[in-house]
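Participant: In order, the protein sequences belong to chains C, D, V, E, P and B.
Taking the working numbering, the leading residue of the first sequence gets 1, the next gets one more, and so forth.
Taking the working numbering, the leading residue of the second sequence gets 1, the next gets one more, and so forth.
Taking the working numbering, the leading residue of the third sequence gets 1, the next gets one more, and so forth.
Taking the working numbering, the leading residue of the fourth sequence gets 1, the next gets one more, and so forth.
Taking the working numbering, the leading residue of the fifth sequence gets 1, the next gets one more, and so forth.
Taking the working numbering, the leading residue of the sixth sequence gets 1, the next gets one more, and so forth.
Everything labelled a hint here was simulated from the structure, so no lab data went into it.
Computed from a prediction, not measured in an experiment: that's the story for all the values here.
A couple of the hints might just be wrong.
20 Å max Cα-Cα, derived SDA-like pairs, lysine to any residue [what the hints assert, rightly or not]:
#, chain 1, residue 1, chain 2, residue 2
1, B, LYS464, P, LYS369
2, P, LYS417, P, ASP384
3, V, LYS166, B, PRO366
4, P, LYS369, E, ILE27
5, V, LYS7, E, GLY207
6, B, LYS417, B, THR340
7, B, LYS336, P, GLU462
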Amino acid sequence: MSEGIIVGIVIFTLATFLGFELIQRVPSTLHTPLMSGSNAISGITIVGALIVAGGGFGWISTVFGIGAVAFAMMNVVGGYAVTDRMLRMFTKDGGAK
Amino acid sequence: MSEGIIVGIVIFTLATFLGFELIQRVPSTLHTPLMSGSNAISGITIVGALIVAGGGFGWISTVFGIGAVAFAMMNVVGGYAVTDRMLRMFTKDGGAK
Amino acid sequence: MRIGVLKETAPRERRVALTPDAARRLIKAGSSIVVERGAGEAASFPDALYEEAGCTIGDATAAESAEVVVAVQAPDPARSAQLAQSAVLVALIGSSGLASLDVLIERRITVLALERVPRITRAQSMDVLSSQATVAGYQAVLMGASTLPRFLPMLTTAAGSIAPAKALILGAGVAGLQAIATARRLGAVVTGFDVRPAAAEQVASLGAKFLAPEAVGTDAEASGGYARELADAAQQKVLEAIAGAIDAMDLVIATAAIPGRPAPLLITREMVESMRPGSVIVDVSAETGGNCELTVPGETVRHAGVAIVGPLNLPSAMPQHASQMFGRNVQTLLDHLAPKGELTLDLDDEITGAMCLAHAGARRQERGT
Amino acid sequence: MRIGVLKETAPRERRVALTPDAARRLIKAGSSIVVERGAGEAASFPDALYEEAGCTIGDATAAESAEVVVAVQAPDPARSAQLAQSAVLVALIGSSGLASLDVLIERRITVLALERVPRITRAQSMDVLSSQATVAGYQAVLMGASTLPRFLPMLTTAAGSIAPAKALILGAGVAGLQAIATARRLGAVVTGFDVRPAAAEQVASLGAKFLAPEAVGTDAEASGGYARELADAAQQKVLEAIAGAIDAMDLVIATAAIPGRPAPLLITREMVESMRPGSVIVDVSAETGGNCELTVPGETVRHAGVAIVGPLNLPSAMPQHASQMFGRNVQTLLDHLAPKGELTLDLDDEITGAMCLAHAGARRQERGT
Amino acid sequence: MIPHAIAELGYLVASACFIVGLKRLGSPATAPAGNRLSAWGMLIAIIVTLLDAQVLSWSAIGIGMVVGSAIGLWMARTVQMTSMPQLVALLNGFGGAASVLVAGAEFLRAELRGEAIPVETGVVIQLSLLIGAVTFSGSMIAWAKLQEVMTGRAITWSGQKFMTAVIGLGIIGLGGWQVSTVAPLSIAFYLVIGLSLLLGILLVIPIGGADMPVVISLLNSYSGLAAAMTGFVINNHVLIVAGALVGSSGIILTRIMCKAMNRSLANVLFGAFGQGSPAAAGGGASSEGLVARSVSVEDAAVQLAYAQQVIIVPGYGLAVAQAQHAVRELADLIEKNGGTVRYAIHPVAGRMPGHMNVLLAEANVPYEKLVDMEDINPAFEECDVALVIGANDVVNPAARSDPSSPIYGMPILDVDKARSVIVMKRGMNPGFAGIENALFFHPRTAMLFGDAKGSLNALISEIKTL
Amino acid sequence: MIPHAIAELGYLVASACFIVGLKRLGSPATAPAGNRLSAWGMLIAIIVTLLDAQVLSWSAIGIGMVVGSAIGLWMARTVQMTSMPQLVALLNGFGGAASVLVAGAEFLRAELRGEAIPVETGVVIQLSLLIGAVTFSGSMIAWAKLQEVMTGRAITWSGQKFMTAVIGLGIIGLGGWQVSTVAPLSIAFYLVIGLSLLLGILLVIPIGGADMPVVISLLNSYSGLAAAMTGFVINNHVLIVAGALVGSSGIILTRIMCKAMNRSLANVLFGAFGQGSPAAAGGGASSEGLVARSVSVEDAAVQLAYAQQVIIVPGYGLAVAQAQHAVRELADLIEKNGGTVRYAIHPVAGRMPGHMNVLLAEANVPYEKLVDMEDINPAFEECDVALVIGANDVVNPAARSDPSSPIYGMPILDVDKARSVIVMKRGMNPGFAGIENALFFHPRTAMLFGDAKGSLNALISEIKTL
Ligand SMILES: NC(=O)c1ccc[n+]([C@@H]2O[C@H](COP(=O)([O-])OP(=O)(O)OC[C@H]3O[C@@H](n4cnc5c(N)ncnc54)[C@H](OP(=O)(O)O)[C@@H]3O)[C@@H](O)[C@H]2O)c1
Ligand SMILES: NC(=O)c1ccc[n+]([C@@H]2O[C@H](COP(=O)([O-])OP(=O)(O)OC[C@H]3O[C@@H](n4cnc5c(N)ncnc54)[C@H](OP(=O)(O)O)[C@@H]3O)[C@@H](O)[C@H]2O)c1
Ligand SMILES: NC(=O)c1ccc[n+]([C@@H]2O[C@H](COP(=O)([O-])OP(=O)(O)OC[C@H]3O[C@@H](n4cnc5c(N)ncnc54)[C@H](O)[C@@H]3O)[C@@H](O)[C@H]2O)c1
Ligand SMILES: NC(=O)c1ccc[n+]([C@@H]2O[C@H](COP(=O)([O-])OP(=O)(O)OC[C@H]3O[C@@H](n4cnc5c(N)ncnc54)[C@H](O)[C@@H]3O)[C@@H](O)[C@H]2O)c1
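Sequences are here, hints too, so could you generate the full structure?
Facilitator: Put into structure tokens, the structure is as follows:
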């Protein structure tokens with residue numbers, strides 16, 4: 001098994017534990033924003049997409065790449081934007097607490 | 001900068017974040033046990049010590065190694081044992097809560 | 001409809017059947033009201049207030065000649081004879097009122113007895129028994145507390161510690177519960193007693209202890225939450241239960257009653273003698289004979305250092321609010337009788353029917369059932 | 001020491017200077033006690049209880065001839081003449097007692113006036129003014145509440161809602177504070193008033209509102225937390241403050257007093273007339289002239305629908321506990337006078353000195369300072 | 001081109017941004033900042049990538065990015081608040097799709113070049129295809145259900161479970177095959193994608209509309225895993241970190257959401273099969289008729305903590321539970337959180353005239369907070385939460401509506417007009433009048449069962465932790 | 001010899017054990033299990049290492065392990081509970097020493113072979129030498145102070161700060177020199193170690209004995225860092241993970257402990273210089289004469305939460321604060337935690353006879369819990385905490401002891417006999433009698449300043465979180 005994969009697994013494990021700890025108790029008003037916020041983060045695939053699309057490994061890859069970039073970008077941009085919108089309206093009333 | 005170091009840094013960062021999250025609020029009765037418990041963990045240097053001591057890279061290393069192993073071992077064994085003792089007595093009364 | 005408010009003539013009666021406030025509401029609903037001069041004086045409702053409210057102040061005859069005549073207690077036979085033919089009389093008839101009943105029937109007057117308002121949630125706002133019992137329960141405790149040579153609350157002072165007084169409330173009906181609440185307010189340690197099983201929870205709901213008579217059985221509860229008379233065996237159990245507790249009590253408020261029957265006997269002479277000198281018994285049921293063997297209605301007798309107070313017409317001791325509540329009851333009743341300001345007697349109505357003692361010259365039902 | 005307990009002769013006086021309980025403690029400390037026959041009757045302490053406690057029951061002379069004679073109120077001159085030569089008399093002397101003072105001096109009797117116990121923390125357990133004022137404050141509210149034709153507490157019922165009664169307590173001393181506490185217990189909305197700045201916090205500490213007279217100034221407070229008489233200007237301010245609030249009140253308890261002076265006038269005729277019919281004023285200070293212009297000591301007068309009660313000797317309305325506290329005060333005082341059971345009069349003692357009106361045939365100090 | 005080390009560190013910074021950002025998203029005060037921070041992280045990651053990776057065809061990238069951003073932004077802007085959840089589902093699906101495409105591209109590249117695919121790479125490629133595809137199709141269904149493109153109700157048929165199982169096995173089998181035969185197999189490749197898509201659909205279809213939020217949160221966690229797998233495929237740490245973060249935190253969030261809706265994750269996922277769990281029933285209350293909806297203490301607490309106008313309706317039950325002090329404490333707490341609390345006192349609440357007054361006076365509730373029926377009734381429309389504590393007859397709408405009812409004609413408190421109602425009772429027993437109460441089955445009513453005092457204390461400590 | 005991959009995974013498992021174990025250590029219920037888990041992790045790590053690393057000289061290892069384990073076990077067994085903190089300090093020091101030795105060995109190996117040391121390796125070696133050495137010497141000092149081998153009081157002298165700074169710079173300089181000149185430099189090496197040891201001493205010496213626990217916790221966090229650095233040196237992930245965990249969680253723990261002792265980390269580390277912070281004063285109260293010791297809400301809360309016998313002494317202040325309901329709530333809470341609560345009512349507490357009765361009755365405190373002075377006074381000896389709320393004169397020992405006092409001879413509540421006393425007041429103002437109260441300066445007395453109601457509510461929510 002290549003060193004790379006192993007390192008990957010170590011990192012993956014740590015990040016997973018971290019993820020479990022990060023979020024403890026969330027008022028239900030925040031459930032949706034939190035969900036879409038972390039969803040936006042999962043748009044990190046954009047990195048992969050860019051590498052593939054930019055790599056120019058033949059047309060299929062490129063086509064796939066462009067698609068991937070587009071999708072990922074929607075996820076990223078849309079995700080952050082909409083989360084921000086939710087939160088802004090939320091801070092109006094709930095912000096009191 | 002070697003790949004190894006970079007990976008190390010990544011891992012280090014993640015573990016550090018994790019450490020920050022792991023412990024939230026601790027009743028003061030647990031402060032000492034927790035301290036000595038985590039202290040025992042820091043005895044992980046034993047791994048390094050073993051490698052050095054066992055490596056047979058000339059006598060100095062070995063001497064150092066033996067010392068290292070001894071020290072680390074004290075830290076590990078002593079640490080876990082004493083923590084266990086504290087906790088056992090603690091569970092008697094505090095366990096109620 | 002034209003309503004006449006009579007000035008009470010009975011001794012000790014300081015209440016009035018309609019307060020200016022209640023009158024105002026009725027007038028808004030389209031009625032006209034004649035108030036006998038000085039009807040509200042004793043309850044500190046001077047005539048002026050009635051006039052403000054839009055009533056006309058008249059003499060006795062003016063009030064008597066109204067279409068609907070309201071009073072707290074039924075007018076005596078003489079007065080009853082003055083009422084207009086086939087008018088409607090709304091008042092507490094009680095046993096004292098029976099004397100006038102024949103006269104009233106003979107004048108074809110419709111007699112609505114306030115004490116007969118059914119005990120249903122809907123009718124509670126017309127239930128003068130409830131409202132007046134509330135006043136009675138509160139007053140009884142005040143009376144007891146000021147007669148008692150002791151403090152009710154616990155007091156830790158430089159001059160020694162005062163233990164809280166122990167109070168026992170017999171009968172946890174409306175009056176009884178109110179007495180419990182008031183006694184607790186004043187800091188007494190309160191125990192409640194009743195034969196109705198439901199009462200236990202109600203007493204506890206006021207934070208007081210409940211003294212359970214062993215195995216009186218559920219048959220003690222009749223319709224509408226009233227109690228019925230007990231079989232001798234049960235009665236014996238009840239007496240034992242009370243005897244077992246009463247000797248430790250400083251203040252006893254007895255409110256036990258059974259509609260249409262003399263009040264049950266709950267406190268015997270022996271019990272009184274078992275109590276500490278200085279203790280006080282207030283027998284709210286004095287009017288119906290009293291729960292205590294030694295009670296003399298209308299007087300305070302002392303026996304073996306124990307004072308036994310037998311108040312009559314307790315609500316009149318607090319005429320202003322007693323009248324206010326009485327008036328509100330009467331007003332809601334009248335609203336019920338005359339939905340759109342015009343009197344429409346429907347004797348099949350659950351409430352009106354139950355209240356009606358006499359109508360169109362005929363006596364409608366046996367009393368006390 | 002030999003202690004004699006007199007039976008009170010003053011009208012309306014139902015208290016007794018030593019209760020069986022207090023007597024027991026003294027006897028344990030080595031004293032012997034003679035109790036005049038029936039001394040405790042009125043306070044529901046029958047002679048039997050005293051005998052149980054180890055006292056001997058005797059006739060008047062037996063009690064009078066004791067070494068130390070205790071009474072609630074100073075014996076009248078005739079009785080004073082019966083006391084043994086150079087005995088010690090412990091009682092409330094007050095203004096009424098002054099009549100007997102010369103006789104007592106002439107008999108070289110040491111007179112210790114209970115009302116002169118200094119207002120220091122140490123002496124609080126001997127302070128009958130405090131203990132009796134406590135009773136008075138509590139009784140005053142009960143009296144007011146049962147005179148009032150209204151409820152004190154708020155009540156939401158099927159017969160309409162009853163607003164809580166508004167009570168104003170004038171003078172936030174011991175009696176006043178106790179009155180505030182009791183009125184609040186009964187559910188009234190209470191406002192307290194006093195000229196001593198310190199009173200504001202004390203009233204608030206009972207959860208009541210404080211009505212602050214604007215700028216009376218701190219000079220109103222004298223030593224021992226007593227108040228002193230006010231300059232006219234200040235007095236004017238006080239009256240304005242009260243006038244501004246009193247018209248909304250249902251119950252007023254007036255306890256304002258200034259030691260050795262007639263009670264300050266706080267309620268004028270106009271104020272009374274500004275109040276609603278049915279309201280009640282209880283003037284606890286009636287004995288010293290009353291805080292209300294219309295007060296008639298010992299009577300209940302009605303003016304413009306307002307009842308003004310002028311009770312005398314309120315503590316006697318609750319003789320059992322009043323005596324118990326009084327007795328405890330006297331007992332601690334006697335323990336103080338006779339540390340090891342034997343009387344040792346030390347007139348330089350902060351407490352004894354302050355109390356002593358006459359000793360060895362000589363009057364010791366001017367009264368009322 | 002920048003030295004790879006720098007790129008790695010850049011990615012590390014990005015990861016840190018995600019971590020901190022995600023944490024901040026967890027509490028109202030810090031959430032907006034948190035979101036912005038993680039957005040920065042994303043930007044850094046993208047820039048680093050563009051500098052690091054040897055980009056040959058900028059055009060391709062350009063097109064993709066412009067199109068993607070444009071559409072994304074447009075959607076985010078135009079969607080109205082009510083349909084936020086759908087949007088999240090949609091975007092989530094896209095994330096999954098992206099993973100599939102990336103993994104796919106890697107696969108195809110290998111195929112194109114006729115390269116062999118090392119076992120471990122093979123495994124992770126299969127995984128990211130599977131998870132990505134499931135996420136995609138699943139999210140699409142979720143979206144469709146919420147958008148009411150298709151029915152929101154649970155769709156089930158016999159043999160559904162079996163079918164799902166078969167497909168699952170099929171995918172595993174194909175995956176295994178591909179991995180073992182190191183050379184790329186297009187059939188396997190396309191079949192895996194196809195079957196995974198199908199699997200996603202099968203997993204979400206049988207779940208009722210009410211549970212969609214939970215499902216979406218779960219799918220969100222999947223999309224994180226997918227990203228992480230992609231990270232393994234292209235051996236990139238930031239993907240692994242970010243992916244794993246989303247994956248695990250997503251699970252936690254899902255659990256929290258389930259708890260808030262007081263149902264177990266299992267019964268969300270198989271709710272449609274294992275019918276009739278309280279909330280499931282609650283979801284379909286209106287359709288299935290008279291079933292009272294019970295609510296968890298946590299949810300009730302959140303509701304009260306954020307409510308502006310609260311009206312407390314005490315009844316005999318409050319007295320029985322002797323909970324007067326607890327209720328006052330709760331009221332104080334709500335007011336500390338900026339809400340206003342009043343008590344609606346019904347004339348006949350309790351068992352004696354003034355029963356409630358006595359109780360509340362004992363707990364020192366200021367008189368001015370006790371409001372009579374006539375005066376409070378109009379206020380119910382504006383009130384966020386009406387908290388009915390052990391009251392029953394006095395809030396029974398039958399008194400208004402049902403002439404046959406024994407209490408018909410008695411004036412009652414118009415609790416049912418409130419925006420939401422929480423009723424505290426021990427069970428479904430009737431009150432004094434002994435009649436059923438329609439209020440308890442009102443869609444806006446939630447029942448908090450248990451002794452009033454206990455429930456109140458639970459609420460209090462719960463609110464304090466919020 | 002096992003394949004390295006397996007070893008790596010073994011290490012990963014170990015890391016996981018540490019993570020979960022550490023988390024569990026955080027709450028009483030799970031702590032023992034947590035500790036055992038992390039012990040298992042350690043065992044795994046050791047075994048994996050022995051299997052993985054090509055061990056040539058088992059003997060060396062054997063000796064070290066046997067000796068180390070034996071001593072460690074012996075110490076752990078024999079130490080008595082009171083001197084636990086010392087022991088922890090000692091062990092912690094050993095951990096640091098080990099790091100130094102390992103890093104040292106690596107350095108010496110390179111030197112021996114005349115190999116060059118790559119920059120990054122150089123850096124991490126320097127770091128682990130520095131941190132390890134500081135941990136070691138610092139811990140030793142801490143141990144000495146607690147063991148009273150040397151005075152526990154803060155030792156300071158002018159120019160101390162300066163000296164520390166110089167040494168710090170020296171270390172950095174030498175380190176930099178070593179790193180830059182790639183070839184190993186023994187002088188630099190030994191100097192760095194020596195100076196670092198000195199630095200450790202200098203950092204801990206000026207800190208007072210009372211603050212040692214905090215310092216130890218900080219050093220513990222250092223030893224974690226040292227381990228992590230060692231991990232970099234020998235490029236081993238489990239060391240990095242475990243080390244970093246301990247490092248960061250140690251910091252958090254330190255902060256928590258500071259909070260519990262309500263002082264800032266800064267003022268622990270430089271407390272000795274910046275004298276007179278409340279707790280520092282508290283520490284030396286007795287020596288410095290009349291300084292009241294103030295206590296943090298957190299500490300008071302813990303005290304009350306675990307107390308068996310609590311006596312509450314209400315006074316006028318309770319009335320002024322109108323805190324009667326809060327006090328009752330607190331009492332209920334304590335009883336829920338299994339303690340018993342009684343109220344000691346002094347005859348003249350408050351400003352009117354029966355003042356306290358009125359208040360507590362209002363809050364529905366059952367009468368039987370109110371105990372008269374004569375009856376409660378003997379009980380104070382057995383009571384764990386006497387909670388004095390706004391009382392002053394009635395608990396003033398002067399009444400017993402000081403004939404010159406105006407209240408001499410008045411019977412008082414013997415609060416000063418209690419095992420510990422917490423007094424709630426707004427400030428140091430006298431009471432009605434206007435005299436100072438020696439109770440407040442009693443060694444067992446802690447003052448909780450602030451309005452009684454506020455403090456009580458703070459206590460309540462604090463206890464609830466425990
Ligand atoms: N006010 C008066 O003067 C008076 C006098 C006599 C009769 N009434 C009648 O009493 C009724 C008063 O209405 P209401 O709404 O106040 O009370 P209610 O209608 O009697 O309902 C009380 C409810 O409280 C619940 N409950 C009982 N104990 C509880 C506990 N420990 N914790 C939580 N819930 C508890 C019961 O349901 P669960 O058992 O399911 O918990 C019950 O349904 C009216 O019908 C009125 O006519 C009034
Ligand atoms: N019981 C009676 O009948 C009566 C009558 C008259 C006088 N007295 C006298 O009153 C005294 C009673 O003794 P005590 O111990 O009850 O009271 P105290 O000696 O008067 O002391 C009360 C203490 O409470 C503190 N305090 C005030 N407000 C507070 C708040 N909001 N929160 C927290 N603390 C507050 C004050 O200190 P801070 O200002 O520093 O907070 C003050 O030192 C005795 O001397 C007694 O003789 C009693
Ligand atoms: N639903 C309504 O509208 C409504 C209105 C008012 C009262 N009520 C209910 O009616 C019931 C009785 O009310 P009430 O006060 O007018 O009754 P009441 O005045 O006729 O009797 C007072 C109490 O005496 C008790 N009693 C009778 N015999 C006794 C005995 N031998 N020993 C001890 N106690 C005895 C009765 O149980 C009753 O509780 C109460 O439960 C009350 O809650 C209902
Ligand atoms: N330390 C002790 O041992 C001790 C014991 C008992 C009482 N005290 C204190 O002594 C003080 C007075 O006690 P008291 O009740 O015997 O006093 P009091 O009976 O002589 O007077 C009653 C109250 O009337 C008030 N008053 C006088 N003139 C007034 C006016 N013009 N307007 C309004 N109010 C007026 C006084 O301020 C006093 O508060 C109180 O503060 C009490 O706390 C102290």
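Participant: A separate judgement is required for each hint: does it hold in the structure or not?
Facilitator: Hints, verified against the model:
no.	hint	in the structure
1	B:LYS464 to P:LYS369	28 Å, violated
2	P:LYS417 to P:ASP384	10 Å, holds
3	V:LYS166 to B:PRO366	14 Å, holds
4	P:LYS369 to E:ILE27	56 Å, violated
5	V:LYS7 to E:GLY207	42 Å, violated
6	B:LYS417 to B:THR340	18 Å, holds
7	B:LYS336 to P:GLU462	17 Å, holds
Of the numbered hints stated above, those contradicted by the structure are hints 1, 4 and 5, listed in ascending order.
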